[in-house]
Every structure is written in structure tokens, then in C-alpha cells.
Amino acid sequence: MKIKSKKQKKSYSCVEEKKYYWLRYIIPALLFYVVFMAYPLLDSLRLSLYTGNTINSRTFVGLKNFIVLFTDPQKSTRYWSAFGNTWIFFLINMVMQNCLGILFAVILTNRTMKGRQFYQTIIFIPTTFAVLVTGYLWKLLLNPIWSGPTLEKIGLGFLAQPYLGQSSTALISCTLVSCWQWMGIPTMMFVAALRNVPEDCIEAAEIEGANSRQLFARVKLPLIKPTVGMVSILTFVNNFNAFDIIFAMENANGAPEYSTDLIGTLFYRVGIAGQHPIGIPDTGLGAAIATITFFVLALGVVPTLKATQGGDN
Amino acid sequence: MKKGRICFVLILSLVLLFPIIAGGTEENVNDEKVVLTLESWRADDVAQWNNLLAEYTNEVAPNVEIQFKPTNPPDYNATLRLKLDSGTAGDLLYARSYATGQELFNAGYFYDCSDIPGIQDAFIESSKAPWQMADGKMFAVPFAAVSHVVYYNKDIFAKEGLDIPTTWEDFLSVCSKLKADGITPLANGTSDEWDIFECFFCGILPNFIGGADSRVQYENGTKKLNDENFVAAYQAMADIAQYCPNGFSAVTYNDSQALFATGKAAMFMDGSWTLGVYGDEGLNWGVFAMPAPKGKNTAICFHPDTAITMNPATEHPEEAKAFLAWLCTKEGATVASNNMAVGFFPMLNEEITLSNDHANECLALNAGKETDARFVWPALMDLYSPMDQAVIKVMKGQQTAKQAADSIQALLKAEN
Amino acid sequence: MIIWCFIVILPLWVLVIDSFKTKLSIYTNPFGLPAKWNFNNYFSVFRDSQFLIYFKNSFIVVILSLLIMLFVTSLASYSFANWKGKGSKILFFFMIAGMMLPIKIASIKILEIMKILGLINTIWSLVPIYVAMGIPIGIFILTEFIREIPYSLTEAALLDGAGRFKIYHMIIMPLIKPALATVAIYNLVPFWNDLWFPLILINNEKSKTLLLGVNKLFGQYQTDWSKVMAVLTLSAIPVLTLYLSMSKQFISGITAGSVKG
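Sequences listed follow chains A, B and C, in order. Under the numbering used here, think of the first position of the first sequence as 10, with each following residue one higher. Under the numbering used here, think of the first position of the second sequence as 1449, with each following residue one higher. Under the numbering used here, think of the first position of the third sequence as 1171, with each following residue one higher.
It is worth saying that the hints were derived from the structure and are not from the lab. None of the values given here were measured: they were computed from a predicted structure. Check before you lean on any hint, since a few could be wrong.
Below 30 Å or equal to it, Euclidean Cα-Cα: the simulated DSSO-like pairs (lysine-lysine) are [unchecked claim]: (1) Lys84(A) to Lys1671(B); (2) Lys1712(B) to Lys1517(B); (3) Lys315(A) to Lys1254(C); (4) Lys84(A) to Lys1481(B); (5) Lys1259(C) to Lys234(A); (6) Lys1256(C) to Lys315(A); (7) Lys1744(B) to Lys1817(B); (8) Lys1397(C) to Lys1517(B); (9) Lys1517(B) to Lys1769(B); (10) Lys1376(C) to Lys1517(B); (11) Lys1336(C) to Lys1418(C); (12) Lys1418(C) to Lys234(A); (13) Lys1517(B) to Lys1279(C); (14) Lys1517(B) to Lys1259(C); (15) Lys1226(C) to Lys1336(C); (16) Lys234(A) to Lys1256(C); (17) Lys84(A) to Lys1279(C); (18) Lys73(A) to Lys1861(B); (19) Lys1769(B) to Lys1627(B); (20) Lys315(A) to Lys1259(C); (21) Lys1481(B) to Lys1254(C).
Far from chain C, by Cβ distances over 12 Å, these chain A residues were calculated [as the list claims (entries may be wrong)]: (22) Tyr34; (23) Arg204; (24) Ile242.
The beta-carbon is built from N, C-alpha and C at its ideal position, and this holds for glycine as well.
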């Protein structure tokens, strides 16, 4: 009886009953989410339509904050530069995490691989570090003053450049460190996805005479497409809000010369902390930046979701 | 299924109730003592402040206990504002000077301290100014100032046979001799951005453009920000870039301290707050004032840094006011200066001797010289970032001194 | 692979080695073994009983948040995976929208809510926030995984007369163990290493979390990095242990699932 009703979607009363039935499982999560996340966030986004910093001085100004953001020369240069930097940050992260992640996962799920658990743990260790520590350690390593003498001793003296001090190399260095730190998670997800590929598919392909490369490209890759999509979306979302790694390795200004300024740092500077050392934020403008970021992310996430999750086999 | 659902509802309600029950037992009402909290950005001074506050409780106000609750400095402004907005801030607050503090006062978060007994007489005008509104109302009690000097390694100087330079030109030749002998002359770098600007550039600026009177003329437009004195100052930064460590663009403030402390660099342009860090073991060091070019008077950048104010929403205004008033008295200020971190100087209009030799040495450098706050602080804070970036560009050779000065002047014009 | 291992191990080496040096000797030779092994940093961590309290607080907050989050999220994902109506799609997007916004901007409102609930200055104020933070991503990942489970299993159970909740409990939960472990691990690190919310919500010494306590070691102008590194080395250990135990779940879940009838 229940099976039939699932297939008969047109049956009015049964669908109704099903709808409210499923709803009740969502209620607890919904409760936490609305009270502690959705309501505060929506309320803060509402601030993008206001100006002024405190409860008393807030006045409604409509879309003025958005207009200012794009027309004021100083503010808009900052915004577009942060926007561009964030895309670079994201693209490098995306390529590295997807490609290297899949690569490592493949190596790790290879039946002939020894010490699997050991390698997996090693890959994951950086993820457990606090970002502050990662930032500090890499700042130390990438600093020619400290690493210079050691590098010269082993003949790699030319590697001792001030990577974090030159605007041409700073962003890429920070991005690579961020990849280094977060590599464990995509790898883990890809390992899970690869393990979920049904054995029969692999066996069937092997019987047909596929070598390992074809096996990977034709069989495994399409089957882990949803995971690729998931990792991409997570990378996309996390990088657009990235802040901690830049804060730890450079400063909230996106030194040097704003080359490492991301939308996350711009938002922090404008909306929460204010420019050092003045410290007076513009919460309306900050909320405007966050709102725009939200729309950009939504524009990216929704199509990707549709494209990669639609493939039900 | 019914059993499962009941179970589930039970767990959920337990989970939701537990925090509320637990939260309720946090109250720790102690009827005898009034407990105040002091918010600050000096997480390094916990030990000193605890001493100071203990003395206050023991000697002056036995029924008042003040707890020192500092926040990590980069977060102080942001978290203070959040706390004030939501009504969870402490009773006493560290106040930033000039515009930052004024804005919080206008928002109603700082108490009008003009009527605190002793505040008007205890400080000279220039000490009060940073924490004064345009109409003369004081929004905080001045507490400490810092100075900017050159730290130098006495052993290296002795070995090289160098004397303390008295003019900027001498200073440059000292640097070049050190470099020729393979020693890094200066430890400063540009990675953290604020240190090269606040300590170095703002430190030497009064030497080139003059003290407070001169600064006012720049502010009201009588003098231009790209006049020859300013260009000379930028040029000075360009000149010393070659004496900073190799790859100085990646050298952070932390690194600079380490370079100086391990003897790898001979000199370090820094603020007086580091006086307590190096200790005297293994390093023989001293300080001297940043020298002015030939023919100009040496001026010191003596910057009013900290003040303390009261949160008007506090539940214990009388006790908080009493503490502030105590800081304006000679006894209070003496106790405070004995317990202040080394390198912070009391701003009271009285003779106070400090216990640390290096601190006294540093304070003594003020004698006979003009002093001023950091140039952009009083009225030109919007120029902080552009000027900072201009200095860094000049040091990296991306701009000439003249271009840098012109760009800042153009910004000022654009604002007016 | 080997190169990657080297790249990972090098900073790790630096971290551990430097935690044994004194503050300034880090800089005389950053990458070598310490000239004089300084155990003081570690001793002071243990002597300073505050740090043990911070450890305990972090532990409680993280474990509790993870448990609650996993529970409510898996329930909700189960529902989303099965409910195919239009309302489901809207609600789904509403709930995962949360991961696209920086939660920091909501700080003021959250502070006010916590004040109303009377939870300010306690570690219980952190739990609901972390649960709410974990929900979007949890729902996102788990819904996907649950969708992958072949309907035939549910069908068989339904035929046997099992109720939906029982299906959830007996069949679905064990099968999505790897996904649960993934979500747990994914959120474990941000919860443990979070600094911002403890910073604004907790002033009380005995309620501070570990990273907030470490924050105390960062002065305005000076920082004793060797001590910081000692504390953070120690703090990485619980996280690593939790990770290892969860990844065991992970592996066992996968191997169980692969033997499909």
C-alpha cells in the first residue's frame, strides 16, 4: 500500500500526508538553524540597506551602500581587486584540491598500496592545525632571512626569495599554503567515493580488458562525479569567505599592496574591524559586500548542483 | 516506531533544556565586594596590571575588586564594539585616541570624564588633547604614552668604533660602514606594514617637518604635503632601504625583534614598548634619539597611546569613577607607573622616576626637544593607509620620493 | 606521494622542534635541533592549571556539538532525500544557503540572543552556534549520500512492515557511517580551532576554550612563539585522536557497505 502511494504522486491526500510527515524530521535541524543562523544572518543582511554604526545612528538609505561600493573610486578599486584575487585564490585551490585529491585517493585505494592508513593520516595532519600555527610556520619557512642560510647549505640558495613580500608571489604562496592545509578533506571524500564504486562495475570492465587508465577515466571518474561536484562547491564557498589564512600569513589589509586582499579580508576590514588603526567599521557597507557575495555564490552553486547531482544511475 | 519517536523527542528536549539549566547556575553573587572589569588590548601586561589592581584594592578601596580582562590587540576594536552594541562590555575600558575614541563617545559608549576630580589639572594640554572632543569634553583619563627611538647594539658599535650619530647624514654613514663590514645595519622590514610607518617614518618625520605647531599648518593647508621637507623625509626612507635586511619586504615585526635580539642586526627603529623585551643578558644595548638632518632640531615622536574610560552603562558608576579619579592623583599615577609595562610612560604633569634604567634612559631623551604625536593621528587618519603604502613603495623603489609626496597631497586635495 | 609527505612533515618537524626551544633561540637556528632542550614550555602548560580547564571545555563543546549536529542533520537529510516535493527543494536550498554567508556578520544578533537566553559567558553558548554552523554542510553532504543508497533496501524493509523511523535507525544509519564520519571530521577542525565566537561570547576564565586560552599568549607587540607552539602541538593531539577514531568508523562503514546483497 505504501509503495503504491509513493508512485502515485498525483494522489492528493496521500501526498499531503507524506509532506507533513517528512517535515517533522526536519524540525529539530530547522529550529537550530533558524534561531542561531538564519535569523541573525538575515537581520544582518538587512543592515546593508542602512548606514550608521550603532543602534541609534542607523538610518535607512535603500541601495545607497551598493551604489557607493561600485562608484566610489577608492572603494570600488578595493572591491574589484579583492574580487579578482579571490577568483585566482579559488581557481588554484580548485584545481589542486580536485586533481591532487583524486590522485591521492586513487593511489590510496589501489589494492597494492601498503601503509594506507599511515599516508592518509599524514595527509590529514595539516588539516588539524590551527590556521594561526600554519601561517606562522610557513611564514618562517618562506622567509629568506631564516631559511636562507639553511637553503644555501644544501645548495638551493636561489629559492630564498621574499615570497610573501612581493606582490607578484604573495597571493600564490598563500594559496598554496591553504591547499597544503586543507588537502586532507577532499582526499578523504574522494577515497570514500572511490570505495563506493561497485565492485561489479570494476570487475566487468576488467574482464572486458580495460587497463587501469581506461578503468579510471571511463568507469571510476563518471561514478564519482557527484563527489567532484560536492568538493568543488565546498571549495567555492569556503574560498570566497576565506580570511584566516591571509590574516595569519599577511595581515587584514592584504599586504603587500593589497595583492592578497580577498573578499573575506575586505569584508572583515570594512564591516567588522575597520581599517587599522582607526577601527571604525562601516557595517552597512560590510553587509552589502556580504550580500553581493551571497548572490555570486548562489549563482555558482545552483547550476553546479543541478549538473553534478542529476546523474542518478 | 512510536517508541523511537518518544525517545527522540525526549532526547531533543533534554538537549535543549540542559543549557538553560546549566546557564542559570553561573551566577556568583558576592555581596561584599563590588567587582569591576577592565577591558584592554594589552594582553602582555596581565601580571603588571594584576599587581596594580591588587594595590588599589589593598590600599585605597578594599571593597572594590577590579579584574583585568584583555583581548588580543588586532581584535580589540572589533570585539569591543560588538560588546558595547550588545551591552556585554566591561565597566572600565581602554580608549583609543583621537577619531576612534571620539566616534565611540559620540555613540554614547564612553563616559563624559570632564567632571572627574583632578582630570583638568593633572595633565598638560597636549596630553589631554588626544582624548578631547572638539568642544573640550574629555572622554577618557590619559594613562600612558610611548616614544620612538633607535635601539642599538653597543657591542657592535664598540667593535666597529662607531659613535652615536647626531645628524641624519652621520646616521647614513654609520649604516654604510656597518654594511661594508658585512653587518646588517637595520632590522626593520615592511611585511607587517604598520611598524615601518608608525615607528620609523612617523618617528623621523618630526625631524624633517617640525613638531606640533608645524603639523597644524599642514593640517589646515598652510603648508603642502609635498613640500621639500616631506619629500626629504620620503627620500630618507628610500635611502635607508638598502640598509634593511635582504628581502626586507618579507620581514615581519616579530622577525625584526628577533634579528636585533640575536645580534644579527645592529640597529632597530622601534617604539619604547620593546624596552622590556631584550633583557640584559647576552645583549649589551641602549637607545638614542632618531637624528635630524644637519641644521634641524632633533624632535621626538612621543605619542599618547592609552587612556582609560568608563562604560556609561556600568552597574557601578561610583566605584568606576573613583578608580579613574585615583589615576589623576600623584599617588595613583606613581603606583601606576611603577606597575606599567616598561616603555610606557605616564602622562601626568608631575615628576615621576621609573624603576627600569632603560626606561629612564629613554624618557631622558625627551629633554630639551620638541615632541609630537604621530603625524596622521590627530586629524589626518584617512591618510594613514595611503601614506603607509607610499612609504613602502618608495622603499621598494617603485616610486620616487617626489611621486609619493605628490600622490598624498593629491588625496588631501580630493577630500577637500 | 613521497614528496608530498616530505612537504607535510617539514613544518610539522619545525613545530615540534621549536616548541622545545626558548623564545629567541628559535631564530638562531629555526630548522635544527635545539641546542638546549627546553621543556619549560610544556611544563608551564601543565602547571598552569588553566590550560587543562581549557582543554576540557574545548573537548566538551566539540563532542557535544558534533553529536547533536550529526543527529539532527542525518534526520533532516533522510527526510530531504526521500521527500521529493517542491517544498522540499525550497527548504533544502534555504538550509544550505547558510554556508554561503560569513557567519561573523551575524555576531551582534547572536550576542543578543545569547544574552536573552542567559547563556553568555558559558560554554553552552557555543554549542548551538556550532550545531547551526554544521547544519548546512551536513545536510548538503548527507542528503547526497542517502540518495545513493539503493531504494531496494528501503523497499524490502517497508514490505516487512517497518516504520520510517525504524528504517532510518536500523538500515540507513549504519550505511551512511562513512558520510557521518566525513561530516564529523569536516566540522571537527573548525569547531576545535574556532577563535571568534569564544572571543566575543566568553570572558570567564573557567569557560574559555583552548584556542582562546592560547590567544592570551599573543601580546600586542611580543609573542612567545615557542610556548604557543608547545600548546598547539599538545592541542593537535586530541584532534588527531578524534580523527583517527572517526576514520576507523569510516573504514568499517565503507567495507560494510561494499558487501551489498
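Exercise. Can you give the numbers of the hints that this structure goes against, from lowest to highest?
Worked result: 2, 4, 14, 15, 19, 21, 22, 23 and 24
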